[in-house]
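Participant: Chain order of the listed sequences is L, D and X. If you're matching positions, the first sequence starts at 1 in this note's numbering and goes up one per residue. If you're matching positions, the second sequence starts at 281 in this note's numbering and goes up one per residue. If you're matching positions, the third sequence starts at 522 in this note's numbering and goes up one per residue.
Hint data in this document are derived by calculation from the structure and do not stem from the laboratory. Even for Gly, the Cβ is constructed at its ideal location relative to N, Cα and C. Some hints here could point you the wrong way.
[Said to hold, decoys possible] Mimicking DSS-like on lysine-lysine, the simulated pairs with C-alpha atoms at most 25 Å apart in a straight line are:
hint, chain 1, residue 1, chain 2, residue 2
1, L, K155, L, K145
2, L, K102, D, K411
3, X, K536, L, K169
[Said to hold, decoys possible] If we take Cβ atoms under 7 Å as the criterion, some of the chain L residues that face chain D in the derived model are:
hint, residue
4, A36
5, T43
6, G47
7, G50
8, S73
9, D74
10, A188
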Amino acid sequence: MKFSALLLSSAFALSAFAAPVAAKDWKTATITLEGAYAPWNMTNADGTLGGFEPELAKVLCERAKIECKLVASDWDGMIPALNAGKFDVIMDALSITEDRKKVIGFTIPYAATPAAFATAKDSPLANAAGTGATIKMTPGQTGVKEVDALKEAFKGKTIGIQAATVYAKFVYDNFGDIAEIREYKTGADRDLDLQNGRIDLGFDDAVYFANAFQSANDTLAFTGPEIVGSIWGEGEGLGIRQADTDLRDKFNEAIKSALADGTVKNLSMKWFKVDVSPQN
Amino acid sequence: MATLELIGFGSTGWGALLLLATLITLAVTASALAIGAVLGATISAAKLSGKASLVALGNVYTTVFRGVPELLIIYLIYFGGSSAVTSIGKAMGYEGFLGLPSFLAGALAVGIISGAYQAEVFRGAYLAISKGELEAASAIGMHRGVRFRRIIIPQVLRLAIPGLGNVWQLSLKDSALISVTGLAELMRTSQVAAGSTRQYFLFFIVGGILYLILTSLSDRVFNGAERRANRSMPTAAMGKA
Amino acid sequence: MDFAFLAQTMTTLLKAVPMTLALFSLSVFFGGLLALLIVWMRVGGNPVLSAIAKGYIFVFRGSPLLIQMFLVFYGLGQFGFIRYSFLWPFLREPFVCAVLSLALCTAGYSAEIFRGGIRAVSPREIEAARSIGMSGALLVRRILAPIAFRHALPAYSTEIVLMMKSTALASLVTVWEVTGVAQRLISQTYRTMEVFLCAAIIYLVLNFIILQAMSLLEYSLSRHRRAIPPALKA
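Here chain L stands alone, though its shape is the one from the complex:
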């Protein structure tokens, strides 16, 4: 056999083993969420998923021309599982933060919501300083007088947070040395303990709490100011592996169009009774 033919056929044979570096043609994708974070996402009695995010996902996938499969999984395992390849997208009120950007990639935000403390209506901690007000914070900001006032009020109390959230980090950073912190696998477990008086306070997404208050028979209420700003990052966006830039771009386009024509706003009003679209 001629040498060049041998070379060519070997190259051909070897190319079969070569890593396909070309962009993957995204026809299908698996999206994960908790199915336990109403009204963002929840699991209905028949096992189907409902809420703001499943409906938004349907819209986004149509526009990105991708066939999406939604699966429920545990919150605290999502980021490692995403990187390990179990799913392709995380859509679970995932805040875009610098810490997370080190491990995964994000699309542009499709929502930006504040966070606040909640407590029992008849608790002595109800109506703590700043209740009803809104304050803006940046990452790592200290010396905010409203937060310092809360630190005084919450000394020695128990605060419940969902593990691995940006809210957990905030509570550990600011209240870790003066209060007892309890971590829960799901927001609902923490809410239950808050209702039962096992913990004095909870800290979480304000929109999530507003919905949870209804399920709690109105025994819970916000306390202290609502906190917005870049401390929660740019907002909530889809989590995607850093390498999948093409998938991210497809979803970015879809999110942009859904924001532009008010689809996000409509879904937001339907599920949250407020408009959570990010104000750029």
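Starting from the known structure of chain L, arrange chains D and X on it as the hints suggest.
Facilitator: Here is chains D and X on its own, set in the frame of chain L:
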């Protein structure tokens, strides 16, 4: 009654999901036991071989997987397993991601744990075989392989049934821990139902009852299997005039 | 191998060991006491008590510990009448709920193990004791308990190791023991393998210590079985 509706099969009823979850629990436990049987047989063979290095290896395996909490092992395999499988895939030229689905991760984890216990069961069963039988087989010139197939295996299986019954019960209860991987087995489904409806007491009791049904049925099955396997063995009642 | 990270992880995890040990010792202690009560009901002779004991053992050995723990933690807290009772200051604490459910579970298994130990006591010894007029309590103290305990020890030491491993489940009801702290470290640093490997080593060391202690106990209780020193023979 609203309670009965919740666990029933209507539109608000979680009954169907709970039954499906029970089947998944059975499936994952059975898979785990199968994986464990292979591992257990290998490890007990290593321990019985007499070679110091193999015996040490076997002891390390049983010590580690009977000494570390099952929860940790499940976490390790679920979170660490996917990266391990992906690196193996990369080494073989596959550039994509190879995920380890919850079912497989759970079955593997509980399987590895049950393998440690099954190794002890098989080892005990082998040591309980009458030395006379093994000697007799060698004396008539039976090949090692034939002796293994016709004498050792049947006897080991017969003597291992009580121990395997225990390991099955253990694995059935360990399978509840697979819920942390998100697999929709019985524990997890009870949790999800409880959280959705805020009826924690009801759904955990129902889940508990379903597990009790599984364990008592398994008990009957293994007792029946034991009786059948020992049907031609002499009993204490024999020999009485 | 990032030794700095491993060292840091180990220090953080070791701080949670006292909690694990507290969970373990309290549940073994209370579980053991409860098991003695249950086994007394089981072998006592009273058919009603025996049936109750059998039922207890069936329920707690037949269902997973996790579901029992969730029942105590979430299930009991659901009821208003419990929340407003004198029990609430105790059941309010996750630690108490964890110890309670661990104790209830081990009581079921331990009762069966103790029952096996009691059955191993030769009826001849009991007959002999009664024939010389030993009363019930004295019989239990001098004959039944020592022999039963020695027979039950191997199986009970396995059960104790299982208890140590079961304390890991308390992390799922917000108790900050070793596994719970390990989980928090993972969610903060995303370094799964290293953190869990450190945690696994801690449990292996703890279990090793327990097994050695039990072996020592077994050894000291079986003095009469060991070879007679040559000087005492003949």
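Participant: Hint by hint, say whether it matches the structure.
Facilitator: Evaluated hints:
{"no.": "1", "hint": "L:K155 with L:K145", "result": "holds, 15 Å"}
{"no.": "2", "hint": "L:K102 with D:K411", "result": "violated, 63 Å"}
{"no.": "3", "hint": "X:K536 with L:K169", "result": "holds, 20 Å"}
{"no.": "4", "hint": "A36", "result": "holds, 6 Å"}
{"no.": "5", "hint": "T43", "result": "holds, 6 Å"}
{"no.": "6", "hint": "G47", "result": "holds, 6 Å"}
{"no.": "7", "hint": "G50", "result": "violated, 11 Å"}
{"no.": "8", "hint": "S73", "result": "holds, 4 Å"}
{"no.": "9", "hint": "D74", "result": "holds, 5 Å"}
{"no.": "10", "hint": "A188", "result": "holds, 5 Å"}
The structure fails to meet hints 2 and 7 from the earlier list, while all remaining hints are met.
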